[in-house]
Each structure stands twice: as structure tokens, then as C-alpha cells.
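*Asks:* Turn these sequences into a full structure, and let the hints steer you where they fit.
Number of protein chains: 4
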Amino acid sequence: MKLTGTILLLCGLLLAQDERAAMLAKIDGKAEVYGKMSRQIWEYSEVGYKEAKSSNLLKSDLRANGFEIRDNVAGIPTAFMATWGSGKPVIAIMGEYDALPGLSQHDAPQRNPRVAGDPGHGCGHNLFGVAAELAAISAKEYMEQHKLPGTIRFLGTPAEEGGGGKIYMIRAGAFRDADIAITWHPGDRNQAGLQSSLANISGKFRFRGLAAHAAAAPDAGRSALDGLLLMNHCTELLREHVPQETRIHYIITAGGDAPNVVPAFAEGFYYARQPNMPILDNVWGRIQKCAEAGAQGTETKVEMELINSVYNILPNDTLAAMFERNLRRVGGIKYTPEEQAFAQELAKSFNREKVLPLGSQEQVQPLGGEGLGGGSTDVADVSWVLPTAQFTTATFVPGTPGHSWQSTACAGSSIGRKGMMAAAKVLALTTIDLVTDPKQIEAAKASFEKRRAGFTYRSRLPADAKPPLTYRDKPQ
Amino acid sequence: MKLTGTILLLCGLLLAQDERAAMLAKIDGKAEVYGKMSRQIWEYSEVGYKEAKSSNLLKSDLRANGFEIRDNVAGIPTAFMATWGSGKPVIAIMGEYDALPGLSQHDAPQRNPRVAGDPGHGCGHNLFGVAAELAAISAKEYMEQHKLPGTIRFLGTPAEEGGGGKIYMIRAGAFRDADIAITWHPGDRNQAGLQSSLANISGKFRFRGLAAHAAAAPDAGRSALDGLLLMNHCTELLREHVPQETRIHYIITAGGDAPNVVPAFAEGFYYARQPNMPILDNVWGRIQKCAEAGAQGTETKVEMELINSVYNILPNDTLAAMFERNLRRVGGIKYTPEEQAFAQELAKSFNREKVLPLGSQEQVQPLGGEGLGGGSTDVADVSWVLPTAQFTTATFVPGTPGHSWQSTACAGSSIGRKGMMAAAKVLALTTIDLVTDPKQIEAAKASFEKRRAGFTYRSRLPADAKPPLTYRDKPQ
Amino acid sequence: MKLTGTILLLCGLLLAQDERAAMLAKIDGKAEVYGKMSRQIWEYSEVGYKEAKSSNLLKSDLRANGFEIRDNVAGIPTAFMATWGSGKPVIAIMGEYDALPGLSQHDAPQRNPRVAGDPGHGCGHNLFGVAAELAAISAKEYMEQHKLPGTIRFLGTPAEEGGGGKIYMIRAGAFRDADIAITWHPGDRNQAGLQSSLANISGKFRFRGLAAHAAAAPDAGRSALDGLLLMNHCTELLREHVPQETRIHYIITAGGDAPNVVPAFAEGFYYARQPNMPILDNVWGRIQKCAEAGAQGTETKVEMELINSVYNILPNDTLAAMFERNLRRVGGIKYTPEEQAFAQELAKSFNREKVLPLGSQEQVQPLGGEGLGGGSTDVADVSWVLPTAQFTTATFVPGTPGHSWQSTACAGSSIGRKGMMAAAKVLALTTIDLVTDPKQIEAAKASFEKRRAGFTYRSRLPADAKPPLTYRDKPQ
Amino acid sequence: MKLTGTILLLCGLLLAQDERAAMLAKIDGKAEVYGKMSRQIWEYSEVGYKEAKSSNLLKSDLRANGFEIRDNVAGIPTAFMATWGSGKPVIAIMGEYDALPGLSQHDAPQRNPRVAGDPGHGCGHNLFGVAAELAAISAKEYMEQHKLPGTIRFLGTPAEEGGGGKIYMIRAGAFRDADIAITWHPGDRNQAGLQSSLANISGKFRFRGLAAHAAAAPDAGRSALDGLLLMNHCTELLREHVPQETRIHYIITAGGDAPNVVPAFAEGFYYARQPNMPILDNVWGRIQKCAEAGAQGTETKVEMELINSVYNILPNDTLAAMFERNLRRVGGIKYTPEEQAFAQELAKSFNREKVLPLGSQEQVQPLGGEGLGGGSTDVADVSWVLPTAQFTTATFVPGTPGHSWQSTACAGSSIGRKGMMAAAKVLALTTIDLVTDPKQIEAAKASFEKRRAGFTYRSRLPADAKPPLTYRDKPQ
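Residue numbers (the numbering used here), protein chains in the order written: chain A, 1 to 476; chain B, 1 to 476; chain C, 1 to 476; chain D, 1 to 476.
Honestly, the hints are just simulated from the structure, not real lab data. Be aware that a few hints might be false.
[Stated by the list, open to error] Heads up, simulated DSS-like pairs for lysine-lysine below, C-alpha to C-alpha not over 25 angstroms straight-line:
no. : chain 1 : residue 1 : chain 2 : residue 2
1   : B       : Lys289    : D       : Lys289
2   : A       : Lys348    : B       : Lys301
3   : A       : Lys301    : B       : Lys348
4   : A       : Lys301    : C       : Lys289
5   : C       : Lys88     : C       : Lys439
6   : D       : Lys301    : C       : Lys348
7   : C       : Lys289    : A       : Lys289
8   : A       : Lys474    : B       : Lys474
9   : D       : Lys301    : B       : Lys289
10  : A       : Lys301    : C       : Lys301
11  : D       : Lys301    : B       : Lys301
12  : B       : Lys301    : D       : Lys289
13  : D       : Lys204    : B       : Lys289
14  : C       : Lys289    : A       : Lys204
*Replies:* Here it is, written out as C-alpha cells:
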């Protein structure tokens, strides 16, 4: 009996493997259709909260595949939920599709903007959203075919790049009944792990002074730009006196209209990041003091608009291990000779040390340990609310810096699309693993509880904050 | 015989007075038509070198009035010469029609932009060009009627506000055969005088660094914004160590694209001004050192594009006296009760001391003495090339600051149009005076020679500089 | 009778001229003694409020010459009043004797400090005090000899260089019964005039933060130096937005003890100057805001100690004319061949334009008109309290910059002493003119009243301010 | 035989233990004499390279104890070598005795300077030198008594606090024939370990400009202070763009003499630190660019004097283990009730988190692992030349910050002296261990070779650099 049981189990496993292999083959068959969709979104290159065409493309396809769409989630026109199935477990698969300002680029290995100054998919979110959608559809087909109970929910989450779409979706209850949230991210390697990310607070500091003719009556003016420059200097002085893992960076989004007028308005856009949210709260408070000092010393006024605030990622041991396993099953990325030539040409423009070598895209990296990535993401907020994890595939040539014209080029090329297909497979496999093995869900929940250790998530965005739908617009 | 001569002369003078009164009456009869034209240009609000519609409007009307048009002067699409008549003297009348960025405003006495962030006629150049054109046409009609020899040339001079249109027109020979150049400027008073202006050099400093992820690899980035901020600080330190009449002012026209990327590009737009061009040369050289220091210290690169350079005005005693006389003949501006109410309401928004009181628009101010205005103009370059002068009429409510929403409001209102009509009359009268009295031209030339004292005009713009046709565009 | 009167008057005048010539001859006879005294004080080189030996030297000699000494005026050990005579008029003659930090120099025409870093008489106050004293003694001898009624009061006024000794002496009543106050100042020319000076407010800004190991725990520190640097930057930004005649300058008197400790203390010493005291009040208030901003932004504390505040000089038409007349009587300075060689060598180190040429020391310059000198002096405060004036003689080689090693060298040389003797003569002559001609005193008082136009003098030093006796000490 | 051998070995060990116990008892008997010596040096409080009296005290005592003194090592008056014995092994014991500027303090638990502004032993080097000397003498007595071969060399190493005395002593060959170098350091705990330290480069940046009267002719001046302020700002901007473990800190050692003179001289004293010397080289190069930018932008000149440069410590596994063992033998520090009261009072002034609690001074902490301390020391340079190690004992109340008035107070108190005696014992024991067990020396050498991995030590000080004997003097 014991032997019989073992044989049955083995047969089951072999059968399951066959069934999954069939699913992967089916996904392969859709490479062209979904490759085109990702290219279309790459060409749209819509920035955060403006992803109307991109989200519509995904919604149409999900609807055509039998998902029920809930639109305008959290009052955001480009946020949506697409649901198929019913009952437990509820697996949330998240997709992003926003572009980055100023990174327009052809799918060429030399700097060459499609439209100079326009946005571009330097973070590969055109691949991100499509792979996640394809995974959702593929898992649904599998479950349908095998009559598996459970719910697949694709979450269309806009404005990851500084807009915090997921935070407003959490508030709107979009994750309330989900058991697990999974997703991936484009990268220069195939890897899952336990790495965290930096908590992040961002805000715009708006200085208002008194205009005056800069030559005829400069003493009658109070320069808003002076206020901002003083704030900047104060922040530079602050750098020495915060814990070294802190990151503070800013740009000037408005620095005067015409040189012959003392600027009555100036605006700085600040980010502060830290592995630890309470320490970050303190740093942000000190940056606000810098802003007040800027205004105080120049007889101008300042107000701060909190643009976004995300947490550090809470890793999940169970989900990381599942991703790792499925990454190994799916395997790495193989380049054609043309892709190899593109990669070699592109790599000439990297002036970075300690990067993975060309060729590494063919392997799966070892499971990443605890540690700290340099980035931030609103996936982190989800990770403090329910068990959540993501992994990367090599959509970018190894060594490609993030948020660069080079990553934009890859995201529009066949190299990017190959990585996207791998990601879709890993997500689909993991979803099926979760649906078919409730113990994995239990283990993931246990890891979540252990790691958060009683800490209660509370976003730093005010309770009445509205999504900053125009945060990418030029200031007036 | 002597007596007879005197009688004849007197008769001639009286006759001339009558004839000129007729000309003024004729001008009055055109108030509505040219008022509308000025309002149309006010609504166009086209910035420097982009004044296509505004210049076309003026050209059409000049052509319709028998002027011969030479287009595209100095390779500038919106620069033109309109000539009528032949032979000596050649009287050049200059007209401007460019608007200022960010000053959009309704013709209302409270701040209320027509389109927030759009340009507006805060310097009243919509009135400027139309009054000059009307004067040219009126003088031509007078000369035609009285069969007077000589040439009237209207010069359509674009981009006075920082673009230096007249400098390129000088180079292109637009003033070569002219004897005298006259014009006016909108103001808050009716006045001619000997005041000079500030020589001005302006340029854009473009810093280029190395982009990097601002959180993951800030040490791999070289911030172009840092370079610009350091240059700014250096310039602030410089202020103490230049002659006190110097003015230096700047804005930041590009300060980074997104906070999470170390800015690879930043741009500052600088003006420096001085009553004396050789001293200004020295100051500008030191600002360039500040730029080099900014780049040097931050491991970035900087290049400077010279945008504009104008001289200080060389006053002309003869022309100032002629304007003064004709201003007194034409007289001040009378407000209707509605205009009076508008003026009172508007004046509430002025927080300035030592301004002319409401009501002063009805008078002509005494001839202004030597002295220094706070502004700069490319009329100054013309003034070092041939005898040149300008005067102001009260197109703005007394006390209105220059380059403000308040002056934009006046420039679009009936108050502005009344000042414009007065200016057209003074310009027309002065033109006829010059055409009919060659001694005035001789005297003006003598004053010119005495004041320039052998100094040879040479623009600080490089010999091969092209007009900066896109200087108002956002940087890429 | 009328003729007789005229003859008598003429005889009187001639007699007076003879008597005054005798006085001048007597002064010449004392050149060696008083020359040595000035050299002695030059060698002492005692800074403000520390002039113990210098003031004792003057007091001894005044006492020996029959003056009654009142010591420790206004609680200042080095301030004193020396009085001779009784009744009206009371003529106050002011003398200064403080040196400047860091200007130690041999009486050589090349840079060569006597003790590197030590103070030096770069303002020639070693000559200043001695000439004034010699004038007081000479006038006293003249009055004694001619039995003239009246009081001569020498005021030993310490710490003119930023310490404001005269202000505390005014408060202590030292000028209460005086009719006129006169004095002179070393210079590079012989001249009286109507020039004013800059009102001046100075203060020390002391920042206090939190020390920490700069490498092990920089985030635990709050840098007082950061606070001061931010204040400085704020002040640099302020320069653009104050009236152009304003002067703001500062040094850093404490900037940290050791680089490996986050500085818990830092101190800046600020001066602000303006031709107009109420405008200066406003500027000073804005500098204080800069200080508050510095503290606010860096989480440090700041306190300001007002060190000094002097007014702009109120010129006096009558006294200026009297000085002018007596300067012409005394005549300029003649150099020996050795002095000429010294002057030529020294002049090689001047890199200044528009200075008086060598040789001009032999002439008396025309009476100076209204205008503004670049310096400040506490003589100005006296000038708002009673009719006051000063003039210069050429104690320095023409073209010598003020407060320089070059002026220190002159002040210790025979050139300086010759200028000093001329000054003593002019002061003595003017004193006798005032004592013998009450109408001059009336005229001086009338000029004083007309110019101050009802303005009530009030020092910006707090009513309870104590003299800053240690303002030259290094901060702890 | 085997048994006999074991018995003999055990007897030997027991005997050795007895003999060492006798040595420790002997050391205890000298507590008063050497306590007084440490107090005397604490009262001298001589800063780096000025430790004449302190070094003489140590030399006298070493001479009196039979050591042969070599004076003036490396041309440094306060550096010396004291040698006893002959032949191998040669054990170097290093002692320091320099004080820190500005840390004068009574041995009281409240802030109370002995002489405000004076130096103080905030790093406890008064204890450091004496304990090391006492260990050398004690080891020598032990060796003499037991007729052990070998050489004990005490190295009197001045100016550890930023002066780099040991580097010049290395160059002078002071470590050439030594096998091992050991020492200790005062601390707030009893611990040995493998911790490293930060490599450090320090230099003075001297700006020279052009003096001018700051009110009369500020445009004629070129401010050296401006140059330094711009360099500082540049450095602040640099902080974001260096690896996060980098430390940069500076003070202003000369910031102008008097506010009314444009500063012709200014000086900044900079430190930069990094765990890695080649990265530090790069950072230091960039700081020099900041200096050049400061000069470039302000038309001043700058020159850098390299003051010091030390390496990061190369830990030694063998020596760390030996210290650990002997620390456990000697044990912790017991307070009397008075000392306990002092400690409690002192602890009130600590505003630090995560410090060891009161009472922990009684224990020995576990062996410290690899890691990075925040400090720097020239012991590190020795550690790249031969096997070297140090440990700490609790001379300071647990939680006492380094370089503070609190540590100065402890260093002058009985608490400090108790820690010193413990250190002397551990050093003496370890010396005897090394002398009697050559295998330990071999092991230490093996650890040294393994860790340095072929890297060749080369000090960043120029080959011809002279010891900066006046680096603590005020700039002229």
C-alpha cells in the first residue's frame, strides 16, 4: 500500500509535470502575440497615471480571455482588477506598465532617442505588465482545464515609478481577500531571493517669493529660487549627519521663468530612502527643516506636497524558494547571433565594474540572500500587507544599468521579449503550485508573520491623500 | 524783405501746424482699427523669434499701405523691413512685438491668467509695434500729400526680450543707409530724456555629467545639477567682488528629469549687466570661471552658449528734445470713469514706494536727465551705430511694475491703447520734423559723435553667431 | 572812525597771524619728541580696548602739560578725558590709538612683518592720537599765553576699529558740555570736505551644535560649522536683494577644533554697512534671519552678540571750510630723497587704478563735496550729537590702500610723522579760530541742525550694552 | 615516559602560571607610582609632536630601569626607542602620549574645563603610554629573572592623533628588526578582536587671495575665504557621489582676520577616510578637485599640504586570540562606591543609544569579529609592516563617547588608572607568551601574510615628507 501510494504519487507528479509542460508549450505558442503587445506598450511609453492606452490594451485582452474587469480602482483611471474564478485560494498577480520621463530610445545599441525628451520604458514595464497578464491567463486556462478551484486576480497597478499606485489600491481594498501576491521585475539576470528594498518618501517643495525686475529692482524681489537653493545646500550639509545607508536625491522642477525677473516660484522634487521606515521618518523631518530654513532665510514661503511613500520590501522565504525552483525549470535566455552582436555593442557603453558577464543570461543565479537593493517599489507596501514576492529574469543584457537608455533599448528588443516569456512561465508555474498545494500558502503566511514581527503597516501618505494623478506634469 | 521773409516763415510755420494737426486728426480716426490690431497681437502673445502671426499682421497692413516689404531679414523669419519713398533723409522707425514667458493675464485688474503658464505682453510690445507702424504709415501719407522727399523705413525687430533681433539686423545692414532711428516704449509715464540703459550679456550654461541610479549607485554618477549648483554658489560669492552697479541674475532651465536618476544634464540661464561694456566683459569672464569651477569640482563638463549681448544706450540730446516738444504737443492720457476704476483697483496690487501717483498719466514729465535705467534693450546697439532715441507714453497705470501681470493687463486694455495712440502721434510728428528740417538731423548726428567719443561699436556676439531662434524653447 | 576800525581790525588780523605763526613754529620744535611718541605707540600696536600702554603714554604727557585727567571713562580702562581751562566755549579734540589685527609690518617698503600675525597700525592711529594731543597742548599754550577763556578737552577714544569706544563715551556724557568736536584722520592726501561715511552694524553669530566622532558617529553630531556655512550661503544670496550701496562682509572666527570631531561651536563675525541707518536696520534684520535659517536647517542653536554699531557721518559745512583754510595755510608734505625712494618702492606694490599720483602729497586737495566714503567710524555718532568734523593729511604715500601693510609701514616712518605734524597744526589753528570767533561756532551749530533735520540719534547698541572689551580675543 | 613528559609539562605549566602570577602581583605593587605618572601626563596634556615633558617622563623611567634610549627617532624630538635585551625574538611594545586640542577637563563627572580651550587627554593616551611602558619593564624583569633570551623594545610614538608619528618611525627603520608589535588602547570595554579601522588621508588646504577694504573696494579684493567656502560646498555635493562607507570631515582653521578686510588667507583642514586605501586615493583626488574649483571660481590660489595618511588596520588572528586569553586571565574592572557614583553621574551626560550598560566593565567581552571601527590610527601602518595587534580595557565608563570631555575626565580618574593597570598586565603576559613560545610568533606571521595577500604597503605621504611637527599650531 505504501508502495502503491508512492507509485501513485510519483505518477501524479509525472502527470503534473506533463500537464505543466503542456502549459509552458502553450505559452510559447503565444510569444508573437504578446511580444507585439509589449512592443506596442513600449511605443506608447506612457508615464505614471497617464497609462490609458497601455492599460486598455491589457484590459481588452483580459476581458477577451474571460476575466471580469473592475475599472478605475481607487479613483485611478488606469488602475484595474481583472478576476477569474471563485473561492480560495485567491492569488494576486501584479502588473505594471508605466514609463520613465526622458528615456525615449530606439531599440538600437547606440544612444538614439525616438523623440528627444520623451518618456521611455527604461524600467521595462512594458514587459512587466504583459508577462504578468500572460501568466494570469495561462494559469486560468490550466485551472479551467483541470477544474481547479480558486481565484486568479490580475492587478493592473499604475505609476510604480514614484506614483505609488499600489498604496492607493491597498487602501481601496484591492488586496483584501487575496492570499498571496506575486509578481516579477525585468532585470539583467534570472534570480529569486530575499533581498529587500529601500523605504522611500518623496515630496515636492514649492517656494513662493516676490517677483521684481531683476536689474531695476532686485532689492524689491524675494527669490523663490534662492529659497530652494538654500534648502538644497542645507540638504547637502545634512548628508554627513544621517546614517550612511540613507539616500537623498532631488531635482529642480521649476527654477524661474526668465532671468530678468526675480523668480516668484521654484520647485524641488525630493526623494529620501532608508532600509528602515522609522529612521526614514526622522530623515524626512530633517529635510523639511531644511526647506523651512530655505524659506526663513530668504523671506519666501514653502509648502511641501507629499508625492509618494513606499516601504522596504519584507522578503518571503517560501515564495522565494518557489520562484527559484521554477526559474531553474524554465531556464535562462539564449541569444541569436544578431542578439549577441546587439549585446556586445550595447555593453561597450557600460562603464561599470563588478557586473555579470555576457553569457550569464543563460544561467539562473543562486538564490539571493538577505541584503539591500538600491531601489524602491510600491510592491513593498503590498509585502507588509500579505505574503508577497517577486523575481527577475534577464530582459536586459547583463550589466545594463537600470533606468537608462540601454534598458529602454533592451525592453523594446527581442532580448527583452525573451526575458518576458520566461517570466510569464515562472509566474504561471508558481501560481499553479500555489493553487494546487495549500501548504505552500500556509508556509508563505508563516514566513510573512515571522518577518513582520508584529509591526503594523501604516503608509506615510495622509489618510485623505488622493493619488497624485498629475505628478509627472510640469509645474505651473 | 527781411520782414517779408519773417512773415513768410511764420505763415509757413502756422501752415505746418495746421497740416500736422490734420495728420494727428487722421491718426485719431484710425484708433479703432489699430486698437484692434494691438489687441490681436496681445492675444497672440508670441515669444521672441516665434512672432509669426504678429509680424504677418503688421506686414500685411504695411503692404496694403504701399510699403515695400523685405522679408526674413538676417535670416530671421519674423524680422522685416518695410520701405516707402526714396532718397534722403532715411528715417528708420523701429517696432517690436514679442511677448514674455509666463505672463499670461486677462485685461483685468486682478491676477487672472488667460492660460496659466503661457506668455503675455508684460512689456506692451503689442502696443509698441502697432504704434510704430501707424506712425510710419501716417508719416508716409503726410509726405505723399505734401510731396516731401525722403524715405520712411519701418523695421520689424523681433525678440527684443533677450533675443537681440536688432543686433543681427545691424549685421545684415538693415540700418546701413538710415540717418536716424527713432522709436518709443510703453511705460507708466509720458517722458523723453537722456537716460541710458544697462549693457547686458546673457548665456546658457549647459552642464553634462553621468547618469546613474540615484539610490543604487549614486557614486557611479556625476551630477550635472551639482555642477550648476556649484556655479550658482560661486556666482553668489562673486557678487561682493564686482562694482556695485553690476547686476547678475539667473534661472535654472533644466534641473534634472527624475529624482531617482543622477542628473546627466542641467542648464542655467544667466544675465549680467553693467553701465559699462568693458567692465561687463570682465564680469562675464569671471562668471565663466564660476562655470568652469562648477564643472571642475564635480567632474562634469560645461559649455556656454552666448544668447545675447546688448550695449548701454547712447542718449541723443537733439532727438530727446524733439520728442519732449512733441510729447507736450500731444499731451497726456485721460481716463474714463471705468478706466479710473480699473486703475485704482490695479494700484492696490502694487507694493512699491516712490512711484508716480495716479493722475500723473495726464501730464508730460520733465525731460529726463542723464542717468541709468534698470533695463536693457537692443535699441542700445542701434544707438551706437546711428543717432537713435526713444521715449515712453503712459500705456500702463502709473506705478505699474515692468514685466508683470499688471502691465500685461494694461497692455490689453483701453488704457494701453490710449498710450499707444499718443506714441504713434509723437513718432509721426518727430518723423515729419526730421524730414522737413535737415538741421535737426545734423544736430542729432553731432550729438551722436560727441557722445560716442570715438568708441567703435563691436557686438560681443561672435562674428559667426546665428540668431538664437529657439532661445525660448525648453532645453532637451 | 570806520577807517580806524578797519585799520585796527587789519592790525588785529596781522597780529593774530603773527601769533599763530609763532604757535606753528613752536609745534615744529616738538617734532622730534612727538615723533618718538608716535613711533612708540606704533611699536606697541595694541588692539581695541587693549591700548593700555598707548593711552598711558598720552595721559602722562597731557598730565605733565597741565591737563586734568579723568580716567576709565564709560567703564573703559583705556578711555579718558583730559581737560584744561574753564568756561565756554568747550572744544573737544578726539584722539584714537588702537591697532589692527594681523597687520604687523616693519617701516620698510616691502612686505615684512615685525611679528607675523601680530597687530599693526594699518590705520595710522599711532599718528592720530599723538597729533590730536599735540594740538590740544598747543592750543592750551596759546590760550594760556593770550589769556583766552574757554576749555580744551582731549578725548582719548579707544577701539575705533570696530569697538565703538566713542559710543559708550557719548552715553557716559563725555560730550555733554562740548560745543564742537574736531579731529582728523591719517590718509594719502591733504583734504577737508563734506564726505559722509557708512553706517555700520557688526555682530558675532555663535552657533552651538552637538559634538560627535566625525568618522564613527557623524549622524549623532549636529555641526555648528554647518549652521554657520548655511548662514553664510544665505547671506551671499541676500546680496542680490539689498540696495546696491549696502556692504556685507564676514569672517569665520571659529570653525571647529579638530577635523575628527563634529564641531560643537562655530562663530562668524559680520559687518553690514549702508549710507542710511534705517535701511541698514532692515538689512541687519535680514542677516539675522539668515542666521536663524542656518540654525533651523542644521538643528543647531545660534545667538548674536551685537559688537558695534556706528552711524554715517553728518558733515558740517562750517568746520569743513575752516579745515580747508587751515590746511592751505599749513601746506602739503615734502619728501626727502630717501622718502621719495621709499615712496616709489612702496608704490610698486599698489595694484590700484585711479589713485592720486606721487607728488600730490605736496598739495592740498580741493574741498571734497558731498559723497560717500567706503569706511565707517564712531566719529559719526559724535557727529549726530554735536557739530563735528575731521580732515586728512597725507601720512601715507599717495595711493596707499587703507588697512594694509603698506599703510602700517608709512605710519611707522618719517613720512607718517610729517603728515602727523601737519595735522597737529591744522587742528591747533582751527581750535584757536573757534575759541576766538564765536560766530564760527554758531555757524557750525546751524549747519548741524540743518543737516540732521530733526532726526534723533539713537545708537543701535542696546541701552544696557557694555563695551565689548574682549572683542578682539579669540573665541573659546 | 609519555606520562612523565605530560607530568613535566603540567608542572612546567603550573610553574609558569605561578611565575606569571608573581609578575602580575609585582605589577600591582607599582600601581601608585605609575598611576601618578599617568596623572602627571594627563596634567601636561601636550598635543602631537609637542609631548616633550610627557616623553621625558617615560624616557627617564625606562632609563632608570635599564633600557637603552635612542632619542629623536625620525627627526622627531618626542619619538624614541627604548631597548633591553638582545637577540630574537624582538617584541615591540608601542606607547602613545599625545593629547587632543580643546578637551581640557577636570576629573569630574560634569563639564568643567581645567583651562577653557586647552588640550585634554580625551583619548586616554596618558594611560596608553604608561601602561605600555610598565608592561615593557615588567616583561624585562621577568626575562631577566628567568634568563630568557630576546629583546624588549618600547617605542615612544608621538602624535597618533593626526600627526602620523609611527609612519615616520617606520621609515626611519624603527620596526625593521621587530618580530611582533603589540599595544592596547583605552576604551569603554575589555576586548580583543579582529576589527579593522578606516584608512585616513588628511591635509590642509591653504587659499590665498587679495586683501582689500571690504567696504571701500570689495571689487578690488579676491577673497580666500570665498575660495574655501566654495571648496566646502563642492565637498558637500561630493558626499552623495562616493561609496557610503567614506567619511569626509573638515574644519576651518583660518577664516579671515577682520571683517573689514577681504580675507587674503583662509585654511581648511580636511580628513577623508575609507575602509579601502585605493578607493580613498580616488576620493582624496576628488577633494583636491574641489579645492581647485574653489580657487578657480574665485580667482584665488590654493595649495595642499598633506598632513597625514594612515592605513586601515590589518587584523591578526593569532595575536587577537592571545590577548583574549590574557584579558580573561586578568579580568575586568571593579568600581568602589565612589567610582560607581562618578560613573552614574557621568552616564547622565551620554545621549547615545546601543551602548554597553554600567557594570559591563567587570566582564571581558567576547572576541570581536571582523568589522569596521569608526576611527583611524597609525598603528594600522605598522600592521601592514609586521604582525601587529591591540586590544582595549575599560578605562572609560561604559558608554563614554570617544574624544569627549567625559573620556578626558575618566582618563584623569582612578577608573582610568584601574583600566591602565589591567592593560599593562595583558601586555606583559602576552609579551612573555611570545618570548616563551616561538610557535605563536610563527602563527602570527602566517596570519599576517595570509591577510595582506601580497599587497605592498606604501604610505601616501611623499617620500620626502617631513614630520608635520607644527600641525597643531594656529595658521599664520
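*Asks:* Does each hint hold? Answer for all of them.
*Replies:* Quick rundown of the hints versus the structure:
no., hint, in the structure
1, B/Lys289 - D/Lys289, "15 angstroms, holds"
2, A/Lys348 - B/Lys301, "21 angstroms, holds"
3, A/Lys301 - B/Lys348, "22 angstroms, holds"
4, A/Lys301 - C/Lys289, "13 angstroms, holds"
5, C/Lys88 - C/Lys439, "13 angstroms, holds"
6, D/Lys301 - C/Lys348, "22 angstroms, holds"
7, C/Lys289 - A/Lys289, "15 angstroms, holds"
8, A/Lys474 - B/Lys474, "11 angstroms, holds"
9, D/Lys301 - B/Lys289, "13 angstroms, holds"
10, A/Lys301 - C/Lys301, "22 angstroms, holds"
11, D/Lys301 - B/Lys301, "22 angstroms, holds"
12, B/Lys301 - D/Lys289, "13 angstroms, holds"
13, D/Lys204 - B/Lys289, "24 angstroms, holds"
14, C/Lys289 - A/Lys204, "24 angstroms, holds"
Going down the numbered hints, you'll see the structure goes against none, and every one checks out.
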